[in-house]
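Add chain X to chain F, keeping to what the hints say.
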Amino acid sequence: MKIKVYGVGLTAWVAAACLARAGNDVLIEGPDSQLEKPLEEISALRDEPGLLDQIELQLRAGRLQRTRDKEAYAEVHWLALEHNEFESARKIIRALGKANPDNLLIVNQCNFGVGATDQLQDELNQDTNQIIVYIPNNLQEGKALEGFSQAKRIIIGSDSNWAITMTRSLFRPFIQNIEHLQLMTSREAEFTKFAITGMLAIRLGYINELANLADQMDVDIDTIREGMGADPRIGRHYLAPGCGFGGQNFNQYIARFSEIFENKGKDSLLKTVISENEIQKELLFKKLWQHYRCNLTGKAIAIWGASFKPGTASIDNAPSLKLIDALLAQGVEVRVHDPEALGNLKKHYRDAPLLSFCDNPYDAVQDTDALLLVTEWPEYWSPDYLKLLEDMHTPLIIDGRNIFDREALELYGFTYMGVGR
Amino acid sequence: MTVDNSPAWLALNTHANKVREKHLTEMFADDPARYEKFSFRAAHCLTDFSKQRITATTLQLLIDLAEQQKLSQRIEALFTGEKVNLSESRPALHTALRQPADQPLLVEGIDISQEIHASLEKMETLVDQIHNGQWRGYDGSPIKSVVNIGVGGSDLGPLMTCRALSMFAPEHIRDIDIHFVSSMDGSHLSGLLTHIDPASTLFIVSSKSFTTIDTLANANTAREWLVEISGLPVELISQHHFIAITASPEKAADWGIPEKNQLHFWDWTGGRYSMWSVIGMAIALQIGNKNFRQLLSGAHQMDTHFRSAPLHENLPVLMAMIGIWNINFLDIHAHAVLPYDGRLEHVPAYLEQLEMESNGKSVTLKGEKLNYATCPILWGEVGPNAQHAFYQLLHQGTESVMCDFIAPALRYQDQGEDLQAQHQLALANCLAQSRLLALGDSVLDDADNAPAHKRYRGNQPSTTIMFDSLSPASFGALIAMYEHKVYVQSVIWEINPFDQWGVELGKQVATSLLDQFTQQASSATDSSTEGLIRYVQQLRRENQP
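Listed in order, the protein sequences are those of chains F and X. Going by this note's numbering, the first sequence opens with residue 1, and the numbers climb by one from there. Going by this note's numbering, the second sequence opens with residue 1, and the numbers climb by one from there.
These are calculated hints, taken from the structure and not from any lab test. Watch out, some of these pointers could steer you wrong.
In silico PhoX-like pairs for lysine-lysine, Cα to Cα no more than 25 Å straight-line [what the hints assert, rightly or not]:
| # | chain 1 | residue 1 | chain 2 | residue 2 |
| --- | --- | --- | --- | --- |
| 1 | X | K144 | X | K122 |
| 2 | X | K37 | X | K18 |
| 3 | X | K70 | X | K366 |
| 4 | F | K266 | X | K144 |
| 5 | F | K271 | X | K144 |
| 6 | X | K260 | F | K299 |
| 7 | X | K83 | X | K366 |
| 8 | F | K70 | F | K98 |
| 9 | F | K346 | F | K37 |
Remember, predicted model here, so these are calculated numbers, not experimental data.
Bound conformation, chain X alone:
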């Protein structure tokens, strides 16, 4: 029996027929205590679901569904290192990455907790060395710029976190400029190389397999640049200007990075769940080792909550189940992530990968094609800026969209009233938008008399996520909450959130097309691809010097 034929699912279907007819305006009118009922706090975070199109019964039925899917057991399976990633036959132990050192975790007889902490300590030693100005470039200069070369999980998490927490850079260390390079076409790198000093630049090459073509193409260009400018042999440059972060030590060594400049993680760390491992070195360089540990500790607090709190007050579980309600029972397939804090500008891009690469699946764990919706289209932007871009569609378009509003309650507490007033302005906008999306123009007295093009229909559901203030710990908790939300949804949908077979074939086809650009007669298999290659070839011929 598939989940969409299960009793709990069917009960929700029936319930949805009634609730679908209700507007959020009515729900708020019926029950003035919605906020008290539907907002929850744990591990630095407050989540308010009262602007979701739910009733107390909805929540109960959703919890029934979770229980029917044996969610609690599946959570334990995740934490204890069961092979939850079936298609690749391995566990997904991102939670172990943030577990305190004194808690052992045996996986197949090995205490991975020790390995994790040994790896983190090696990273911390390198970070200290760079912060103290004692990592030396080829001319003896201390490092000034660090360039993180990686893509996907080796880029998005560290980039997002460095930007979010840059104000937590510790004092009394050497000031390091951190840059991120990911694009395969070299656009990021070529721009950067014109204004950094080669002798004081260190490259972090992050690749789990150390075969990622995007990353190696950039790393090769960077190394060639250093060799050319320094006039030194490639071995020397590889030793003094590159750190490898990888789960494939041999491949990194083959490329020229000695063991002592390698940091390792494991195949049970999924790329998009890896910023808690040594992949987060750029984060530690930005915010210091202590704050990096705080980030882990915040995530661990959320882990503990997720693992131990009853389902009906479990933040990630509730977020996930309400998402399922929207997607599978209210037929909403678009999800906007809207932080009201400019520091969180890279959070939407991070969540796009986390959610869509994890749950963008249409085959169940048993290998059967499923016939219900899974992960929605997810996108986002810093809220106040998005107000001037796509909010028009949220308010008056034809699509139903669910939104996550994210904001810290406090900001600029020690930086003067002007800035505090700006934060308050942002918060007022945040609340105004979620209110208007939920209630429409019923918030006005005489909305009925307005012409149709000025009407706001409302009834767009949203969750507001607030935390006390942005800190390494609260940010860690926030991101861990989303990770667990994704896992819970995968359990309900009976899919594997930890593989990504959908990104493989493209790489192979690209490799096979690569040669065709230089061949005389192109032989692509479809007329479109063939035509486009010919167009490029022709322009190249015409523009030969």
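The shape of chain F in the complex, shown without the other chains:
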């Protein structure tokens, strides 16, 4: 099929890559500034593992083209705009409606809020099969290609039989291993997407709250969460405590959902989760501050991991940023290592003389007074402890993801602090 994708973010590129790989003719349209950008400068492509390669492959194969041609024909139109581009979406839809009087299928994957798809549908004529369906994205940054092309669950938000049939056929290549396919109205589908994201955020918020309490109650949160996870009503997912969650997509959805609650005059659980998460991002700083009795003057601190989670170069809403800000504000020398995100970090901190970017994790810890583990990249799980002991000025490790074994570290002679244990 001929498919045109609108958008410049991760959702747009992932859809374009997967749809092209499945044999579709895909056009991706964005503003001129975006089109002229070399691919490797587009952060969504650079930060997501495998995506840049896949896009280059599909471009070379000719199944994917970048275009600025607003009139270019397509059977299916795929909206993956940013959450604040509702008016642009409305304009696109209006133009499409005029140009394609009947049998027009538009897939909406934008985070515009509950009821937005219905509002966009109002610009179209349902009687002549001008239909917009809402398909929540299953985007997990770091695993985005897999999430799209080997979907386990899919929700189709539409009440038009024609559109549902067309959408099923469009998704056929990607739903071979499907466990759950559900049809509902677009409004319900939008709500479901928010509800899932919100639930995950609340679980993370809750386990972090438990971990902070465990810190004060002399119990190990690891033991507690194993006990919790064994209960089938709870399960083990999204129960790892840590120094805060980040990322763009996830945060945008929960922020938007919290806004919806607020607009209805309700203080939501989610709002608390969001604000507590911002506080959680400073947890490692607080532990350090307390350890050094409120005085970090003249200290040098190493940070391992800057991306908001392993497997991505993205630093959007990453806890590392709040930590670095806090340390720099105290005049601390900060030495950061990250296998992927240093480029993004350098752009974020253009003028910070106290901050250095280290290509090797052991360079980062040279003569430091603490090592803060912020992102649990696989290469950090089993470091050369003796080298760390030798290189660090003070052998203090503050582990924001609970990846190290406390007893072993203490045997080596480190001072160890985790989250909730």
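What follows is chain X alone, placed relative to chain F:
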């Protein structure tokens, strides 16, 4: 020769004999253009004196009096840093606090402008640090609550301004809750400590001398609270949870606040004139550094007007001289301040201190006892609320009272029609009250037939002060206008507005009485004090656990 025997004063006396007989109703009837003649605009403010019991001649005679008292020279003396505070032998340079940085001001060879701006910049750095969430409490939390501990000038100005301008809080900064604690008995503080989080609370201790017992008692309690909850040594808590704003750096350091957490001002800044200095830190925390500078700039506009405008169109001068007319020639000794805008609710309390502590004096600059009235009793309340409280006395009581009505012309311009309608309702009430106070029931057609208890005699003079809309700049100008009004009156009365010896003795006597509550046999010098102490002692004994 004292001023009340001077030619200009005597001329006003003679003139007053005629004017006193005239009712404001007649004055308005005689001259339909009173508003045009007697209303003036400058530096964001409009002052309408047409409801004052004055004629064009009155104003001229008042200006004559001002000139006779060499007012223009005295204004220059104030601005140029002459020692206008004779009893303490120092200048009063609140105007310098709001002077732009590029205008040097040499006082005894030192450019104080540089010192002032260096001090302000240090304050701004601390404010930024708090706004950015990078001032850390003992557990590493960023500051959420700031408690301003101060009393008198270290409390009233910042409190009034924070409340008046709270809507100007800048966006994209950490939201800080600002609290004010002043009462010596700990009532403010004890209530507050139950619902703020110690680790994220910062205390600003404001005291010019850093010996004010009210303030230090509160600061000690606050510090004890933090030490107890945190389990940390007192030195650490003093360093991370206290800022000192003072003119006595050593005393603040002795108390435990390091130099880097101190902000300084100078002995030439009177307490009640100090909110423009670093004492205004709470204001800057509330409205942001930029808006704080706007506040200073608005006040500076009024300063420039006061210093350069001819006396007969000089707002603070006219306000002051008409006040003198009311007090000394029409025998009015009560002054009500009535803002028609809830945001200005703390303005009356501020002006009570500004006017009464400044001009509540009965000795001239030469040290002679004077025999004419000076500062009247001044009080006030948000106008619409006061209408349901003491306006009865204004309309039908036996006292003559002069009133200041204060209101912004515009409000809620971008917040919908309902609220705009509420503002209009307030303005209609404001104008109705000043009209009725001036003209009495003559505004009605058949008032004469009403029974006596329903009659309104009118002839109560008032000034209406309006400004375009409430903003940091217009508010700065308004407060500066009152400051200068107070100074002008002091010049005419030949008194020192910058000292306050009348508040000293009470402190000493209190100190000497303190021990008597715990002594077995009380030995106060009068039977009343002695009796009251015994009463407290007895109740304490009876209620011992």
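The hints, checked one at a time:
1. In summary, the hint linking K144(X) to K122(X) is supported, as the alpha carbons are separated by about 20 Å, within the 25 Å threshold.
2. At roughly 20 Å between alpha-carbon atoms, K37(X) and K18(X) fall within 25 Å of each other, so this suggested pair holds.
3. About 16 Å separates the Cα atoms of K70(X) and K366(X), which keeps this hinted pair within 25 Å; it holds.
4. Only pairs whose Cα atoms come within 25 Å are accepted, and K266(F) paired with K144(X) is accepted, the gap being roughly 23 Å.
5. Restraint check for K271(F) and K144(X): the C-alpha separation of about 18 Å stays at or below 25 Å, so the hint holds.
6. Proposed proximity of K260(X) and K299(F) is supported: the alpha carbons are some 19 Å apart, at most 25 Å.
7. Between K83(X) and K366(X) the CA atoms are separated by roughly 14 Å; this keeps the pair inside 25 Å, and the hint holds.
8. A hinted pair counts as satisfied when its Cα atoms are at most 25 Å apart, and K70(F) with K98(F) qualifies at roughly 13 Å.
9. A C-alpha spacing of about 20 Å is found between K346(F) and K37(F), which places the hinted pair at or below 25 Å, so the restraint holds.
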